[in-house]
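First to last, the protein sequences are chains A and B. Under our numbering, the first residue of the first sequence carries the number 202, and numbering increases by one thereafter. Under our numbering, the first residue of the second sequence carries the number 3, and numbering increases by one thereafter.
Simulated from the structure, these hints should not be mistaken for lab results. No experiment lies behind these values; they were computed from the predicted model shown. Hints may contain errors.
[As the list claims (entries may be wrong)] Per the computed footprint, the stretches of chain B lying under chain A, defined by three or more beta-carbons under 8 Å from a beta-carbon of chain A, are:
id: 1; region: 30–36
id: 2; region: 47–54
id: 3; region: 103–109
Yeah, the Cβ is synthetic: ideal placement off N, Cα and C, and Gly gets one too.
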Amino acid sequence: SAVISQKPSRDICQRGTSLTIQCQVDSQVTMMFWYRQQPGQSLTLIATANQGSEATYESGFVIDKFPISRPNLTFSTLTVSNMSPEDSSIYLCSVDLGTRDEQYFGPGTRLTVT
Amino acid sequence: RKEVEQDPGPFNVPEGATVAFNCTYSNSASQSFFWYRQDCRKEPKLLMSVYSSGNEDGRFTAQLNRASQYISLLIRDSKLSDSATYLCVVTDTGRRALTFGSGTRLQVQP
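Isolated chain B (complex conformation):
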């Protein structure tokens, strides 16, 4: 079983749609959680950290359920520029190295 699992997609959605990505992780010792965005042929860029209380940044909302070991990302009012691969990432207490999911590809269409 992979440590971090994501639906690979692709998710093809029209502009303005709301889309949700899910992620599960297997290591209960995981301490920090993130969503990264990776554009084609570019490095991953931190989109947002994910906190137990949930957090929102503009059109993006992330939630964490530690009991279910489940992380989600919601994108509202999708833009063409949101087209990218979204990577679910976790790290262990003290280790600091990141474990990546395989990524979910999003294609927003006009």
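So that you can see chain A by itself, here it is in the shape it has in the complex:
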């Protein structure tokens, strides 16, 4: 597996502001992903963070709302822009180590928008 950290672990933000979440892995990985888990729900994929190119977004998620950076093979950021209370969720990054499609998750960032 891999050691994955996320910062911040939690935050409370006002509507209309933006928050950038960082994800750091202790080894180089090709594929990183960002997921959202809304209260009482399962995980939904936001986008695949591609190193050296634009992220690939899932239906219902757009770059203007969730810009993603992937400057190298160990780091990625997700920004939640112009936040509203509906954005209150846990945001998780994951990595695919290239072994049988298995993915490992960071501890998540718990976001509350007031």
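With chain A's structure known, arrange chain B on it following the hints.
Okay, now just chain B, sitting in the frame of chain A:
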């Protein structure tokens, strides 16, 4: 129809019981299959991959039926520490991103 469907539970079972979870998936192109475990307020952790031949890891047995697009997880001799939500997860060939079921909650009682 959801891509991955699970019985949400909760399953309330006594310690030592055997419990089975089922899952169906709609995309016949799905290639890889997993069970993840998620404790309250924690991230999902990979419990086991699921192979066509079936696989076992201690008290846990997973099976896959590709023809029926059905996945199962059997937990024998349940422990209190098995209490968690169990997530059925699939991924498509080449896409590598995971599609999650809604999860089945298990509560093992003393």
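Problem set entry | Hint numbers not upheld by this structure, sorted from lowest to highest | none
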